[in-house]
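Protein chains: 4
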Amino acid sequence: MHSLEKMLSRGRTIAEPQSLAECIDACLNCELSCVVCADACLGEREVEALRRCIRLNLDCADVCGVTARSLSRQLQADDMLRALVEACARACSLCEVECRRHASMHEHCRLCAATCRRCAECCREALERQQLSTRGDDAAAAVDV
Amino acid sequence: MHSLEKMLSRGRTIAEPQSLAECIDACLNCELSCVVCADACLGEREVEALRRCIRLNLDCADVCGVTARSLSRQLQADDMLRALVEACARACSLCEVECRRHASMHEHCRLCAATCRRCAECCREALERQQLSTRGDDAAAAVDV
Amino acid sequence: MHSLEKMLSRGRTIAEPQSLAECIDACLNCELSCVVCADACLGEREVEALRRCIRLNLDCADVCGVTARSLSRQLQADDMLRALVEACARACSLCEVECRRHASMHEHCRLCAATCRRCAECCREALERQQLSTRGDDAAAAVDV
Amino acid sequence: MHSLEKMLSRGRTIAEPQSLAECIDACLNCELSCVVCADACLGEREVEALRRCIRLNLDCADVCGVTARSLSRQLQADDMLRALVEACARACSLCEVECRRHASMHEHCRLCAATCRRCAECCREALERQQLSTRGDDAAAAVDV
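Protein chains in written order, with our numbering: chain A, -3 to 141; chain B, -3 to 141; chain C, -3 to 141; chain D, -3 to 141.
Note that these hints are calculated values from the structure, not bench results. Be a bit skeptical, because a hint or two may be false.
In this list, chains with the same sequence are indistinguishable; a pair is considered to hold if it fits within one copy or across any two.
Unchecked claim - Below are the SDA-like pairs computed for lysine to any residue, each with C-alpha atoms no more than 20 Å apart in a straight line:
1. 2 with 13
2. 2 with 101
3. 2 with 14
4. 2 with 102
Keep in mind that this is a model prediction, so the values were computed, not measured.
The following block holds chain A by itself, in its conformation from the complex:
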């Protein structure tokens, strides 16, 4: 079993640390992919045509990073987390669409579009299966009350 998955399965009632770990992993991959794609776009001759791509990359990188962190915490799933994962799914989709427009010209855009797509899918699955609503029941909250 993967190390992250093992760490996530401790102290949680959620049945599937595996799919949670996959979603977190997809977010981190997407964050990095977007940072690299933004930077590679900046280095292209026709950078003016890539401005929107760069901005969407930067937005997407930031949102993915925070979503990964938030998903890693043992708080009860709530509206906050749902809104955040929703924002993440949308940021990934926007970025994917834009990257795909440049995919035939730029390999980094082609690769980034694929990473964005996978992350958007993971986020949407998490929202649909309502895993988010069973993420928590954290021991800390119990102690806290």
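Given chain A's structure and the hints, the job is docking chains B, C and D onto it.
Relative to chain A, chains B, C and D alone:
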């Protein structure tokens, strides 16, 4: 005029860089306030009673930081940004409520609750006045098409 | 007394929460200023001439944000923190120099150069006065042993 | 070839995108591992004994995340990057030592210590082989001058 506000008023069609700057400012203050409150909670004798407060602080800090960054970019307001600002408002409210529970015992919680409240208000105002939908019309997008 | 300063003065032996708060504040201002300047640069007609400025802005924004967070924690000052504040001072200086090259053309670069300079100064002062070496002695560490 | 590696090999003169990709990957793994370990520590019964571990985890997570981002940018390696990678190596080592103290009690600390160790090693190798000094020579800088 404040330096951030000046920078934001360049290249934007949005009528009110001032309220945008206020919202960004509130997010950054809240990020830092939550980082400090989490750390101060960790140092308290009764840290077990503050676990949930610490986790909400960490979540809130991360979401506020990213929201500030995203609000600073000249992308057209869209569902992504709305979902993110919504997540931010909720993170702040959750954190405010929890901090207030400890406010009589811990000055840092009392101060942090106030900062969270202000940030939540700024975010909600931005959502309600629909400023977010007029944020953009970015020059870059125009060039890009 | 400023709210952050108040929060920082709790539970610390460091004599001067004020200068610590100033440094943290300078880091956060610089983070945001760099995010905004990078975005404004991306929107300029002559974006190809601003690539290096954008990259330095992004680097500087990230390092400043993390330095602010790290300075906010009650850990004993050590080589890690010194290296980080050093990295922050250098990132700010690199970014200031580059921004100043474009200052006559772009107001956002002129403003950003000033914010970077101030942050670099705060970081260097902190390193020189060796405040960093008295930051900690945290209660938690004592409990921990 | 791994997707990140492919993206990094575009537009760079550095001979070894592979080892750079490994280092970036180690940083991201460490960031997440530390976020999860901090959260798991917060959930433990004896949380008071883990305060220092939590703080070091949070510091390490933040520094690792920024180092990964900075390593991904096509800027010439310089003193800033060296100081940052140095800070990252030290943060990882501090965190590893502390996590190892709790490794027999807490599986998450044992796993996190291993991830920290690997990241520290990657960073030190990068510093020693002076790969960092050949990272850049970025096309953008050339255009920029």
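**Prompt:** Between copies, within a copy, both or neither: which fits residue 2 and residue 14 at Cα up to 20 Å?
**Reply:** Only inside one copy: residue 2 and residue 14 sit 9 Å apart there, 27 Å across copies, limit 20 Å.
**Prompt:** From the Cα coordinates, with 20 Å as the cut-off, is the pair residue 2 and residue 102 best called within, between, both, or neither?
**Reply:** between (38 Å within a copy, 12 Å between copies)
**Request:** First find the shortest C-alpha distance between residue 2 and residue 101 inside one copy, then the shortest across copies, and answer within, between, both or neither for a cut-off of 20 Å.
**Result:** Intra 41 Å, inter 15 Å, cutoff 20 Å: inter-copy only.
**Prompt:** Given identical chains, is residue 2 near residue 13, meaning Cα to Cα at most 20 Å, within a copy, between copies, both, or neither?
**Reply:** Cα proximity of residue 2 and residue 13: one copy only (8 Å, versus 30 Å across).
Of the hints listed earlier, there is not a single one the structure fails to meet.
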